[in-house]
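Undergrad: Okay, here's what each chain looks like letter by letter:
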Amino acid sequence: MVPSPRTEPDPRDPRDAAAVRFEAVFEAELDYVWTSLRRLGVHERDIEDVSHEVFLHVHENLGRYDASRPIRPWLFAFAFRAAADYRRLARHRTDLYGDDEPVVASHTSAEDDLARRQREALVADALASLDIDKRAVFILHEIDETPMPEVATTLGIPLNTGYSRLRVAREEFAAAARRLVKSRGGLP
Amino acid sequence: MIPDDVPDLPADVALLLADAKTLRGPSAEARARLRSRLPLPPPPSPPGGGNPSGGDAAPSGPSPSAAVGGASAGAAGAASALPKVPLWGAALLFAAGVGVGVFGMQLRSDPPVAREAASPSTVVSALVVATTTAVKVPSVPSASAPITVALADLPNVDVAPARPGESVKPEPGASLAAERALLDVARTALGRGDGPNASAACAEHARKYPNGSLVEEREAIAIQALVLEGRKEDATQRAGRFRTRHPRSILLPAVLASVGLSE
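From first to last, the protein sequence lines are chains P and S.
For the first sequence, the working numbering gives the first residue as 1, with consecutive numbering after it.
For the second sequence, the working numbering gives the first residue as 1001, with consecutive numbering after it.
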């Protein structure tokens, strides 16, 4: 006889506690994972599928998450691996961040929204000039403000390698950003 | 300490990155689809019909995507003709609360929504959890006559003042379901932009379950409710206490983001 399913999670039950925790992580950090995938070069139309993969891995590994570390870098590691796999597929080589950019709910004026979106698109295009390894370091440190030791741990690289990638990433990003600003007739 | 041979980003380029910090998540529809594909509890049926699956917290496989339309708590008693609010970013889901899944607040062809990474004025919670459970809370006026709840009047996070005849001690066997139902009311109010009623439901939870299982979740909702009410300073203080008391909480990043703090 099949026992009837429990209708309430029992936090004393390690399986239910894990389910509850996973749900909390999903709802709290979906936006971060989604945005990170976009920054890493996953096309907008594919982010849902890649996010699905990421959260499946998160679900499998949540029991091994070290709560003494901040959660976002830990999640970023899964996003990074998924994005790297995605980009290896030949048909996804072109970075198309910015295509199909949706309308954004905002309380600012239409002009402000447009200018902000243009700046965001410029940053995205400048990011696209970085290879994924440097891009990951740059995103984690410059955008997510993760300290470099944590960046290195997250990406599984030596700290010196991290600094080296950061140095080059900063140079390349700055060059790309200035080139784009110039080609677009100035900063929006 | 970054080595000297790693030059800083030029100031003009660093300024560009400020806008890049905005999180742009999925539309409500995409969120619901993704949720249905993951080992998560299914969303509840829409109110007024359908299968009352709200109480079933057992993980399940793919299920129909979340129903559309506004959702409301079963018996908050405070439902009123509130104006619909735009889809806010969802940043928090609270650990035990959501066996019933998630509703979008207002579904249209919702595009991703931008949320400031650390904007104090941004309301971060977008989750409206429907429940068919009737929950009685202290009489809560409609939003047209909002309650003013002074922070000093709210019970302390850990200990609530005892009423005569009551003792403040852990509630052995306290019903997790009842706690969650109360927080569902709070979360629903938050989702529709009703800070005062969300605060009131949190205060009720704090009074009834000062040492309950969902204290972290309650505090996270309460902080957002204060932000909604425009009580930024109170929210910031409470967020600071949250950080001190729950330094490893998975809700901490979103709590701090709601008041513009960083970890």
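Treat the hints as calculated values from the structure; they're not laboratory data.
Glycine included, every Cβ here is placed at the ideal spot set by N, Cα and C.
One should not assume that every hint holds.
Claimed, not checked - Taking lysine to aspartate or glutamate pairs in the DMTMM-like style, the calculated list, with each CA pair at most 20 angstroms apart, reads:
no. : chain 1 : residue 1 : chain 2 : residue 2
1   : S       : 1021      : P       : 142
2   : P       : 182       : P       : 171
3   : P       : 182       : P       : 125
4   : P       : 182       : P       : 172
5   : S       : 1021      : P       : 53
6   : S       : 1021      : P       : 66
7   : S       : 1021      : P       : 150
8   : S       : 1021      : P       : 125
9   : P       : 182       : S       : 1012
10  : S       : 1021      : P       : 85
11  : S       : 1021      : P       : 112
12  : S       : 1021      : S       : 1004
13  : P       : 182       : S       : 1229
As the list claims (entries may be wrong) - Here are some chain S residues the structure puts well away from chain P; computed CB gaps all over 10 angstroms:
no. : residue
14  : 1012
15  : 1021
16  : 1022
17  : 1024
18  : 1039
19  : 1193
20  : 1207
21  : 1208
22  : 1211
23  : 1215
24  : 1233
25  : 1236
26  : 1243
27  : 1244
28  : 1260
29  : 1261
Unchecked claim - Estimated spans, in silico, between C-beta atoms of each pair:
no. : chain 1 : residue 1 : chain 2 : residue 2 : range
30  : S       : 1177      : P       : 52        : 27 to 37 angstroms
31  : S       : 1233      : P       : 85        : 18 to 28 angstroms
32  : P       : 111       : S       : 1010      : 21 to 31 angstroms
33  : S       : 1178      : P       : 147       : 24 to 34 angstroms
34  : S       : 1245      : P       : 53        : 27 to 37 angstroms
35  : S       : 1244      : P       : 69        : 38 to 48 angstroms
36  : S       : 1207      : P       : 161       : 47 to 57 angstroms
37  : P       : 157       : S       : 1247      : 43 to 53 angstroms
38  : P       : 85        : S       : 1004      : 21 to 31 angstroms
39  : S       : 1244      : P       : 145       : 17 to 27 angstroms
40  : S       : 1004      : P       : 111       : 34 to 44 angstroms
Undergrad: Indicate, hint by hint, whether the structure satisfies it.
TA: A quick look at each hint next to the structure:
1. Taking the CA atoms of residue 1021(S) and residue 142(P), the gap is near 9 angstroms; set against the 20 angstroms cutoff, the hint holds.
2. With a C-alpha separation of about 17 angstroms, the suggested pairing of residue 182(P) with residue 171(P) holds against the 20 angstroms cut-off.
3. Proximity of residue 182(P) to residue 125(P) is assessed by CA-CA distance (about 13 angstroms); at most 20 angstroms being required, the pair is judged to hold.
4. Our distance criterion of 20 angstroms between C-alpha atoms is met by residue 182(P) and residue 172(P), whose separation comes to about 15 angstroms.
5. With a C-alpha separation of about 24 angstroms, the suggested pair residue 1021(S) and residue 53(P) falls outside the 20 angstroms cut-off, and the hint is violated.
6. A distance of roughly 25 angstroms separates the Cα atoms of residue 1021(S) and residue 66(P); the hinted pair therefore is violated under the 20 angstroms criterion.
7. At roughly 19 angstroms between alpha-carbon atoms, residue 1021(S) and residue 150(P) fall within 20 angstroms of each other, so this suggested pair holds.
8. Among the hinted pairs, residue 1021(S) with residue 125(P) is consistent with the structure: their alpha-carbon atoms are about 15 angstroms apart, no more than 20 angstroms.
9. Restraint check: the Cα-Cα separation between residue 182(P) and residue 1012(S) comes to about 13 angstroms, which is no more than 20 angstroms; the hinted pair holds.
10. Taken as a hint, the residue 1021(S) and residue 85(P) pair is broken in the structure, with Cα atoms around 24 angstroms apart against an allowance of 20 angstroms.
11. A distance of roughly 16 angstroms separates the Cα atoms of residue 1021(S) and residue 112(P); the hinted pair therefore holds under the 20 angstroms criterion.
12. Between residue 1021(S) and residue 1004(S) the alpha-carbon distance is near 26 angstroms, which puts this suggested pair outside the 20 angstroms criterion.
13. At roughly 44 angstroms between alpha-carbon atoms, residue 182(P) and residue 1229(S) are farther apart than 20 angstroms, so this suggested pair is violated.
14. Non-interface call for residue 1012(S) relative to chain P: violated, since the shortest CB-CB distance, roughly 8 angstroms, does not exceed 10 angstroms.
15. The claim that residue 1021(S) is not at the interface with chain P is violated, since a C-beta of that chain comes within 10 angstroms of its own (minimum 6 angstroms).
16. With a cut of 10 angstroms on Cβ distances, residue 1022(S) falls inside the contact zone with chain P, its closest approach being about 7 angstroms.
17. Not every CB of chain P lies more than 10 angstroms from the CB of residue 1024(S), the least distance being 5 angstroms, so the non-interface label is violated.
18. Separation of residue 1039(S) from chain P is inadequate, the least Cβ-Cβ distance of about 6 angstroms not exceeding the 10 angstroms criterion.
19. Distance to chain P confirms residue 1193(S) as a non-interface residue, since its nearest Cβ pair spans about 13 angstroms, more than 10 angstroms.
20. For residue 1207(S), the non-interface assignment is confirmed: its Cβ lies about 21 angstroms from the closest Cβ of chain P, beyond the 10 angstroms cut-off.
21. Against chain P, the non-interface label of residue 1208(S) holds: every CB pair exceeds 10 angstroms, the least being about 18 angstroms.
22. At the 10 angstroms boundary, the C-beta of residue 1211(S) stays outside the reach of chain P, the nearest C-beta of that chain being 14 angstroms off.
23. The beta carbon of residue 1215(S) sits about 12 angstroms from the closest Cβ of chain P, which is more than 10 angstroms, so the claim that it is off the interface holds.
24. Consistency note on residue 1233(S): stated as away from chain P, and its beta-carbon is indeed over 10 angstroms from all of that chain's, at 21 angstroms minimum.
25. Residue 1236(S), annotated as away from the interface, keeps every beta carbon of chain P farther than 10 angstroms; the closest lies near 19 angstroms.
26. Every Cβ of chain P is farther than 10 angstroms from the Cβ of residue 1243(S); the closest lies at roughly 12 angstroms, confirming the non-interface assignment.
27. The beta carbon of residue 1244(S) is kept farther than 10 angstroms from every beta carbon of chain P, the shortest such distance being approximately 16 angstroms.
28. With a least CB separation of 14 angstroms from chain P, residue 1260(S) remains clear of the 10 angstroms interface cut-off, as annotated.
29. Residue 1261(S), annotated as away from the interface, keeps every beta carbon of chain P farther than 10 angstroms; the closest lies near 12 angstroms.
30. Separation of residue 1177(S) from residue 52(P) is about 30 angstroms and conforms to the stated range, judged on CB atoms against 27 to 37 angstroms.
31. Separated by about 46 angstroms at the C-beta atoms, residue 1233(S) and residue 85(P) break the suggested range of 18 to 28 angstroms.
32. A hinted range of 21 to 31 angstroms holds for the C-beta pair residue 111(P) and residue 1010(S), which are about 26 angstroms apart.
33. The given range of 24 to 34 angstroms is broken by residue 1178(S) and residue 147(P), whose C-beta atoms sit roughly 42 angstroms from each other.
34. Between residue 1245(S) and residue 53(P) the beta carbon distance is about 35 angstroms. The supplied range of 27 to 37 angstroms therefore holds.
35. Against the hinted window of 38 to 48 angstroms, the Cβ-Cβ separation of residue 1244(S) and residue 69(P) comes to about 19 angstroms, which falls outside the hint.
36. Separation of residue 1207(S) from residue 161(P) is about 54 angstroms and conforms to the stated range, judged on CB atoms against 47 to 57 angstroms.
37. Hint check: residue 157(P) to residue 1247(S), Cβ distance near 27 angstroms, so the stated range 43 to 53 angstroms is violated.
38. Against the hinted window of 21 to 31 angstroms, the Cβ-Cβ separation of residue 85(P) and residue 1004(S) comes to about 36 angstroms, which falls outside the hint.
39. Between residue 1244(S) and residue 145(P) the Cβ separation comes to about 21 angstroms, which falls inside the hinted range of 17 to 27 angstroms.
40. Range check, residue 1004(S) to residue 111(P): about 42 angstroms between beta-carbon atoms, so the 34 to 44 angstroms window is met.
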